[in-house]
Amino acid sequence: MSSYVSRALRLGACPADRSGDVALAEPIISVPAAIADYDGLLPITVLGDDLEINMPWWDGVRPQMRLQAAWKLFIPGDPNDPGVDDLVGTEYIVTEAEADASTTVFKIYVPSDRLVHGVYIVRVRALSFPGGNESFSQRLTVRVDTVAPGGGAFPLLLFPPAVAQSGMIVDSDIINGQLKVQLAHYEGIARGDKIDLYIGTTLVNSQELDQEPTNPDEFIQLYYPEDALEQVRNGVHLFSFGVTDKSGNFASSFTVQYDIQLHTIPTIIPAPTVPQADSDLLDEAEARSGTLVNITKYDLAQVGDEIQVNWGSQLSDKHALTATDLPNDPILVIDLSYALVAAETEVGNVDVWFEVFRNGKSIGKSLTDNVEVDLRLPGGPDPDPETPEHENLLPLVVRSFSNTGSPPPGPEDNIIPPEDFDQNATAYIPWLGKDGDDVYELEDLIKLTWGSQTQTTVTRSIVQKDLDDGVDLQLTVPGTTIEAEGSGSAIPVGYTVTRITDGTPSATNTATAAPTPVDVTGPDELPGEGTIDDVVFTVLNELGAIGYAQLIGPSGSRYNPVQTRLDYSNVVAGSKVTLFFTGYDQLTGGNLIPAATYSATYNVTEKDIVDGRLTYDFNVPATYHFAVCSQGHVEAYVVFENDKGSAQSDPKSAYCDVKLPGESVCPGGSKTCRNYR
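Each residue of the sequence shown is one higher than the one before, starting from 1 at the first, in UniProt numbering.
Don't read these hints as lab results, they were simulated from the structure. Mixed in with the good hints there might be a few duds.
No more than 20 Å apart at the CA atoms, straight line, and that leaves these computed lysine-lysine pairs for PhoX-like [stated by the list, open to error]: (1) K318 to K297; (2) K576 to K644; (3) K576 to K607; (4) K365 to K297; (5) K180 to K361; (6) K180 to K194; (7) K107 to K72.
Build the full structure now, drawing on both the sequences and the hints.
Pasting the structure below:
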């Protein structure tokens, strides 16, 4: 039952209306089973029996008087006390002996089936006999509470932030022998609630609320005793609580899991090791790949311990130990980024150690290891150590065999056309860095990389003449290397510069330039892989000639077809095929007839590709055959184009003799072949 209703009754929010009643001044009735000082609250253990109401002897009692309980549910706003309509149970008839003895206590009962959850008002009616005159005792509040606290869902216990974050309970969480926890107000919270704290199924502490909770924003302060935590021993345990209200209703919370780890702080933590520097030096390539720091196994390590490496003054991220880490030695391997290692020093000696944190607090520092570092690179320190490339090295420029223009850069740079596919190319490598300073030193080794090719290596060592000249370097790329990689868009072509430093010990460090994308088009990407069949004159006479009869089609629109294949490789929707047609004034050789020159273009469609169309006919209008007229020949070829380039067929010729015998000789006569259109 809500504490509001209880308080409302105690404060008299529902005063009695006794108009029409003759009230008994005495005695005061009582409920023996009610819990003292709790507004008539009944323990749930008595609800199975009829409720006894005690009514002491009073001066007006007479033999044969009838006593009976009046029982009514309290409804806020209803001022009426229980009356005749609210009588329950059976009448009690006063005996003569009871009426004569002033020590008599009358027992009147409310049936147990009336003891359901709620707040009730009870009075006892006294009815005289035989006159039937009635009076009522004073009112009394009775509370029946059968609802468990919490409303079916308790809030979780609030453990200290360090415990909640780490999932562990350690020495630093214990204050004055207590692990303090808090509990927010729950539904139905009331004075008299007993809160029991459990670890697993073991009750370890209890606390009863001795004040009525009034501020819902406040927390109930509870604690787990340190000795109770020690008794259950270190390890993962379930924590929960249960609440028993004053009536005896009980409910328990969900469990939460925490790892108890008391008295587990390590004393001596061994130094880490850096295996890549076992040869007494960490060079640039080793650091670039990630510097591995082995965290030596230490005593009393726990799941959740956080390890932070100190690389000189540079700090790594914190890395938490897992259960699978604990048996290992090293217990953990931490990979330091190149940027972090390089930020400490380019060359020199570095102290390396690690710190252990538990629940956000340092519990110790390791002993120190010492590492010699040499990260010096051609081109100076890497401006952006997060990338694999050295940003101070400018990209190279590639020129194809036929590209003989002015020095780079130029519009045709970094392009290998089909005609140069099997020819040598030239790579121009800048002498200066992006910062404007010289990049190279004597005996630096330059290695050029072309796509994925590893069989052919293009290298060059810096000699004194290079230092004297101080100009861009030229390296020849063999055509065999270009062919081996094949055609492609944006083939990465780059270079590296390797230098042996002057330290003791020395390091062999390599700087990598950003690759240059080079577009290479080989015959394999051209239509028909560069080979196009001859066209076919499909309508010829038995002598292989185009005569007047071979000009087909309706009058005024005659033509002779020239056919080409379409089913070439690398011919797709959007590819173009263009016919070039010319006429000559002799059966072989002869002079070009300008009026017999014709071209037409066809765009290959998606439907052609889907349908698998094999050929296409160019219908050459008869006009161009009439321009040849008599005893000449025509030639035709096609050019296919895709997005990579073009390929053309060889010219194909056919005799052309379209003049009718009855006409004048063409050209020059009064009638030309054009009259036959």
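Going down the list of hints, with the structure as the test:
1. For the given pair, K318 sits about 16 Å from K297 by alpha-carbon distance, which is consistent with the 20 Å threshold.
2. For the given pair, K576 sits about 12 Å from K644 by alpha-carbon distance, which is consistent with the 20 Å threshold.
3. At most 20 Å may separate the alpha-carbon atoms for a hinted pair to count; K576 and K607 meet this at roughly 14 Å.
4. For the hint pairing K365 with K297, the CA-to-CA distance comes to about 13 Å; that is within 20 Å, so the pair holds.
5. Restraint check for K180 and K361: satisfied, since their Cα atoms lie roughly 18 Å apart, inside the 20 Å limit.
6. Between K180 and K194 the alpha-carbon distance is near 17 Å, which keeps this suggested pair within the 20 Å criterion.
7. Taking the CA atoms of K107 and K72, the gap is near 19 Å; set against the 20 Å cutoff, the hint holds.
Comparing the model with each numbered hint stated earlier shows that all of them hold.
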